[in-house]
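Student: Could you build all of it, start to finish, from the sequences and the hints given here?
No gaps in the numbering here: position 81 of the sequence shown is 81 in the numbering used here, and each next residue is one more.
Simulated from the structure, these hints should not be mistaken for lab results.
Nothing false has been slipped in among the hints.
Derived CB-CB ranges, DEER-like: (1) His70 <-> Glu176: 28 to 34 angstroms; (2) Trp173 <-> Glu61: 28 to 34 angstroms; (3) Ala175 <-> Ser115: 35 to 41 angstroms; (4) His49 <-> Asp162: 33 to 39 angstroms.
C-beta atoms are modelled at their ideal positions from N, C-alpha and C, and glycine is treated no differently.
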Amino acid sequence: MSAHDRGPIARRRVLGAIGAGACVGFAGCIGDGGGEDDGDESESEDDEHPNAPHLEEPGDEPIEFSHGQHCAVCGMGPTDYSDWYSQLAHETEERAIFCSSGCMTAYLADVPVDSEIVGAWTVDYETGELIDALEAHFVIVTDESGADDNDVMGLNPRPFADEDDALAYLEEWDAEELTEDDIIGFEEIDAEVAAHYRPGRFPRD
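Tutor: In structure tokens:
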């Protein structure tokens, strides 16, 4: 029985590494009030990547999901979707928070930060625990008729820490025929994958 069959948040055992509070730092240039500076600020904001992260926190461990955070892709609050929420960290300390693994794929399809990703985390579809997304196995499901009642924004890839759980899920998914080729790693998530889940949510789409 997967975590999605058992019910929501009470079962969740989040990684012990999560304990640091989120440090919210909204990006943007603050002018001195002059007209030219205001114009430069507006131009800078217009040029900003639509999925640019607005959190900064040093380190390569996950931070706590909290109210007030917003998904970098869709803007929804991640704490409302604790079966799916995800996050990643860049070497330059930018943090991107997501409501779901699906929105994380849109971010990865066109990464807005020119900095290495040093950590990524998502929720294991089987256990409901936060896991290392860099080492996870993602089952790429595409038929929305098989979506769970609690799937966010239509459909999402199913992350598993254990490859055997991912392989077993291929047989559990009835909406379409899946093979081992439909299990991919974090590094294989690209625009083609993201287009299944969040079309129109990333600039390359």
